[in-house]
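So the sequence shown is numbered by this note's numbering: it starts at 2 and just counts up by one.
Hints listed in this document are in silico derivations from the structure and should not be mistaken for laboratory results. Keep in mind that the hints are not guaranteed to be accurate.
[Claimed, not checked] Restraint-style ranges between C-beta atoms, simulated for each label pair:
(1) Gln202 x Ser142: 25 to 31 Å
(2) Glu364 x Gln238: 33 to 39 Å
(3) Pro277 x Gln57: 58 to 64 Å
(4) Glu364 x Glu268: 33 to 39 Å
(5) Phe287 x Met504: 34 to 40 Å
(6) Lys184 x Lys264: 15 to 21 Å
(7) Lys295 x Asp69: 15 to 21 Å
(8) Glu137 x Pro277: 47 to 53 Å
(9) Lys295 x Lys264: 36 to 42 Å
(10) Lys313 x Asn484: 38 to 44 Å
(11) Glu524 x Gln57: 28 to 34 Å
(12) Asn562 x Ser495: 19 to 25 Å
[As the list claims (entries may be wrong)] Derived pair list, reagent style BS3-like, types lysine-lysine, alpha-carbon separation capped at 27 Å:
(13) Lys498 x Lys488
(14) Lys86 x Lys117
(15) Lys242 x Lys308
(16) Lys308 x Lys295
(17) Lys242 x Lys117
We treat Cβ as the ideally placed atom computed from N, Cα and C, and that holds for glycine.
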Amino acid sequence: MKNNKIVIYIGILVVGVLLGWLLFGGSSKKDTEHNHDAISETNQLWTCSMHPQIMQPEPGDCPICGMDLIPAENGSDGLLADQFKLTKNAMALANIQTSIVGKGNVEGNTIKLSGKIAENEEANAVQVSYFAGRIERLNVSFTGEEVRKGQLLATIYSPELYAAQQELITAASLKESQPALYKAVRNKLKLWKLSENQINQIEETGKVKENFPVYATFSGTVTEKLVEQGDYIKQGQPLLKIANLNTVWGNFDVYENQIDRFKKGQEVMITTNAYPNKEFKGKVDFIDPVLNTKTRTVTLRIVLSNKDDVFKPGMFVTANIEGSTAKNDEVLTIPASSVLWTGERSVVYLKTNPDQPIFEMREIKLGNQIGNEYEVVEGLFVGNEIVTNGTFTVDAAAQLQGKKSMMNKDGGKVMTGHEGHLGMDNNASNKESDHTNMNERLKVSAKFQEQLKAVFNEYINLKDALVKEDSKSTSANATTLLNKLNKVDMKLLSDNKAHNHWMSLEGEIKSSATSISETSDIESQRDHFKHLSSHLINAVQLFGVNEKVYVEFCPMADNNNGAYWLSKEEKVINPYFGEAMLTCGEVKQVIE
């Protein structure tokens, strides 16, 4: 009987345990999962879309601008501090391509240097007046006029010379009794560069000349008029600057790491856009012994024969010099399209993970340009994978994510306004409501794209006017662009991200275009065009215009800081220099 009771108790206990598991086991699992999610949420960081350096453990307002914080990307992807990642969509849209760095053999290749034609200072002269007076007549009408030695340049009335002639006439009557006085008076006139014939004529006729001629003492081209007719001048005052342009100088900048590649007497082939099918021979005449500490370059000078008046001072020229490496023939080379310049630094973007679109900026030092490649002196190694197409897009993404970039070498807070490079308008790029990549195409209506394309077409007309150096048409095109811009309907942008981007970009485009329309100075227009291009590049990247667009770059524009522009064709036609350097530049990105 006792054993039966024990069996019953055990059975009741087993049934109780089984019922408890059935009733409460599932909820326990759910609680566990819920707690796991809670823990995960507590690890979430929050940031500001306008100030990505802000990181807080909970949502709230940005302490800098007051905007709502948004969830930050989870850092569990293993990225280092300077690395950033692009989406596959952004990679495809920007046609980003990479290649492996390797060594190339440069034997037999030419080194290209860019430079300018200058007057041969050794063949220059300054025409002066040897006596004081008033210019009664100036026979040189304009700069650029050719003069010959002995040619009459000016006629001057000189009270001092008038008195000296009277002294000569008086002394001539006393030359037998006072020969020393007579000789002294004649020598005084000779010091004023009067010839023997002129002095004898005054003495023989006994007549005083009121106006005296000034003859050219040098043959050449007048490069500067320093006086005007009617001016009073002092003895020894310069009247004209005259340059003999039978020979000219070609001045080229050579970086300090290139100096050992050149020597005096080395043969050079010169080309210029003015005569694209001709080459001119020259030799290295001088290598400046003093280094320019700002640019880290020395001046290499080539003397060129110019008897046919081919070269004009100020003309851009290219020197092609047969070069060899200083230590060995194999050097590290990279495509020119992979390099971005700030004027002081050269940077490339490394793809740090072969299987994922993860990038990192790398500052490098360049050597010679060899064809369409550059030697790399420092910063890269064989086997590194670098971006060779779409470098601009990758740099813009780095700026957006607060990473090291071309104009922000320390990373973190991004510069604003016009201080960013080549068109990455950081005010616009930071005003995102989430972490969408700046270069990832935003979905907008076809009608909005058509309206933006109308603005873009007027931009192209403006660019073409700058190429022709037509400041009047440039100003008119800018006004038309503003009219097209005012017709863009912002209500077509229903998405908040697209709306915020366009608000920022529209204001910057309008500001730059207005500045261009209000000036007739071509250089000022080109400076504003640089900023206009930067903002329109962003707009075309973000919204598209249903047309293939080329982003082109010239490293010599903007005082060698480099500048970008948009084009409908792959052929480079430079709006920053016009005919002076029409084909300077290269395609940096293709926007589909």
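Comparing the hints with the structure gives:
1. Gln202 x Ser142: 25 to 31 Å: Given a distance of about 29 Å, which is inside 25 to 31 Å, the answer is holds.
2. Glu364 x Gln238: 33 to 39 Å: violated (53 Å)
3. Pro277 x Gln57: 58 to 64 Å: holds (60 Å)
4. Glu364 x Glu268: 33 to 39 Å: holds (35 Å)
5. Phe287 x Met504: 34 to 40 Å: This hint is violated: roughly 56 Å between Cβ atoms.
6. Lys184 x Lys264: 15 to 21 Å: Since Lys184 and Lys264 have Cβ atoms about 56 Å apart, the given range 15 to 21 Å is violated.
7. Lys295 x Asp69: 15 to 21 Å: The hint (15 to 21 Å, Cβ to Cβ) is violated, given that Lys295 and Asp69 are roughly 46 Å apart.
8. Glu137 x Pro277: 47 to 53 Å: Distance hint for Glu137, Pro277 holds at roughly 48 Å.
9. Lys295 x Lys264: 36 to 42 Å: violated (25 Å)
10. Lys313 x Asn484: 38 to 44 Å: Given range 38 to 44 Å: holds, Cβ gap about 40 Å.
11. Glu524 x Gln57: 28 to 34 Å: At roughly 47 Å between Cβ atoms, Gln57 and Glu524 fall outside 28 to 34 Å, so the hint is violated.
12. Asn562 x Ser495: 19 to 25 Å: At 39 Å between Cβs, range violated.
13. Lys498 x Lys488: Satisfied, since the Cα-Cα distance of roughly 21 Å is no more than 27 Å.
14. Lys86 x Lys117: violated (43 Å)
15. Lys242 x Lys308: holds (20 Å)
16. Lys308 x Lys295: violated (36 Å)
17. Lys242 x Lys117: holds (20 Å)
Violated hints, in rising order: 2, 5, 6, 7, 9, 11, 12, 14, 16; the structure is consistent with all others.
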